[in-house]
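> Sequence:
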Amino acid sequence: GVAVLMLDTALSTLDRAAEAQSIETARERISEARREINQVLTLAKEAASGDTD
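In the working numbering, the protein residues as written are 138 to 190.
Just so you know, the hints here were simulated from the structure itself, not pulled from any lab data. Please read these numbers as outputs of a predicted model, since none were measured by experiment.
Across the chosen pairs, the derived CB separations fall in these ranges:
| id | residue 1 | residue 2 | range |
| --- | --- | --- | --- |
| 1 | 187 | 165 | 31 to 41 Å |
| 2 | 185 | 162 | 32 to 42 Å |
| 3 | 158 | 182 | 32 to 42 Å |
| 4 | 182 | 142 | 13 to 23 Å |
| 5 | 187 | 158 | 38 to 48 Å |
| 6 | 169 | 138 | 19 to 29 Å |
| 7 | 139 | 169 | 15 to 25 Å |
Where a beta carbon is used, it is the ideal one built from N, C-alpha and C, also for glycine.
Could you build all of it, start to finish, from the sequences and the hints given here?
Next up, the structure:
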């Protein structure tokens, strides 16, 4: 589902971080991947709680 695609995107972002030529670029990409992973975690938490609002 959506979460799998989001995690795949985050992994791709981490791969790009690993290939970065500068520490600064790597850090930016890691931060981007963290945001992407946090979005998946938020979705998972909402699903687990039943999200009844």
